[in-house]
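**Student:** Below are the chains, spelled out letter by letter.
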Amino acid sequence: MSTNDLWTTTHGMVFGFIFLLGFAGALVGVYMMKAEWLTTEGANANVSRLRIFLWLLAAAVWAAVFTGTYIVYPWYRAAPPEGLTDLANFPRYLLLANESTAFWHKFGMEWKEHVAFISPMAATVVAFVVQYYGAALAKKPEIRRWVMIFFTVAFFAASVAGMFGAFITKAAPIR
Amino acid sequence: MATIETNKPNGPVAAALLAGGIGSAVLGLVTFAVEASEVVKTSMNWYKPVGPLMGKSSLGIIAFFLSWVILTYVWQGKETNFNRIATIAIVLVAVGLIFTFPPVWGILLGGE
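Order-wise, the sequence lines are chains A and B.
For the first sequence, our numbering gives the first residue as 19, with consecutive numbering after it.
For the second sequence, our numbering gives the first residue as 201, with consecutive numbering after it.
Heads up, simulated DSS-like pairs for lysine-lysine below, C-alpha to C-alpha not over 27 Å straight-line:
| no. | chain 1 | residue 1 | chain 2 | residue 2 |
| --- | --- | --- | --- | --- |
| 1 | B | K278 | A | K157 |
| 2 | B | K248 | A | K188 |
| 3 | A | K52 | A | K158 |
| 4 | A | K124 | B | K248 |
| 5 | B | K208 | A | K157 |
| 6 | B | K208 | A | K52 |
No lab work stands behind these hints: they were computed from the structure.
Based on the sequences and whatever the hints tell you, model everything.
**Tutor:** Here's what the structure looks like:
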């Protein structure tokens with residue numbers, strides 16, 4: 019495994035997947051924070067775990083966008099030397115060189131690289147709200163509802179980024 | 201026996217949600233501005249290996265954290281109209297989602 023492979027995997031399969039896989043559990047955790055379903059002790063115990071989990075997920079998705087932007091993306095967009103015909107090591111140019119693959123850059127990468135940044139912002143907001151209210155969230159259904167909406171937006175943005183990341187890596191891997 | 205404190209003011213939480221919306225909207229609008237203008241595109245190229253993506257994403261993140269700090273200062277210890285602020289926040293997030301969607305650039309700018 020090359021350094022490039024290692025970082026590409028760390029970006030998507032470690033940091034990105036931690037967030038995507040953890041989302042459902044955290045969402046259920048927030049949904050279950052209902053006063054009528056929990057004792058005071060239960061709410062306090064649940065929220066302690068949920069706080070740690072949500073901050074870890076937020077940290078993971080920040081790590082995913084920063085490793086993606088500052089480590090992997092420069093390899094993706096590197097320009098080939100003039101006259102080079104084998105574009106295998108220059109994914110952006112390899113995709114754009116062929117009409118049938120240009121879509122993956124013009125739509126997939128262009129969408130992924132921008133929308134991804136909404137995810138860590140929304141995930142951080144969610145972690146903060148749960149940190150701030152703690153077990154009191156069980157008695158605030160309106161705020162819990164907005165937390166779940168924000169968290170779903172974070173998941174949607176990360177899903178787009180993850181899905182197109184996988185497709186683009188398949189079409190033009192970073193070597 | 202454990203107790204739950206439920207009387208915390210919602211100001212800091214409203215500040216966080218609105219800041220999330222502002223950060224997303226700034227990201228979307230700057231992304232669109234870069235597509236619309238070569239001058240803006242050049243001005244966002246803060247670090248050559250990453251290109252304009254660094255300027256665009258950094259402005260969104262700066263707007264997020266800066267507005268969060270300012271709004272927290274303004275709403276610290278206060279009770280706000282939370283549903284109204286959260287609705288504005290999610291509209292701003294939608295602005296971010298819409299303007300980071302490549303087909304929208306083509307539709308509004310008349311390109312491909």
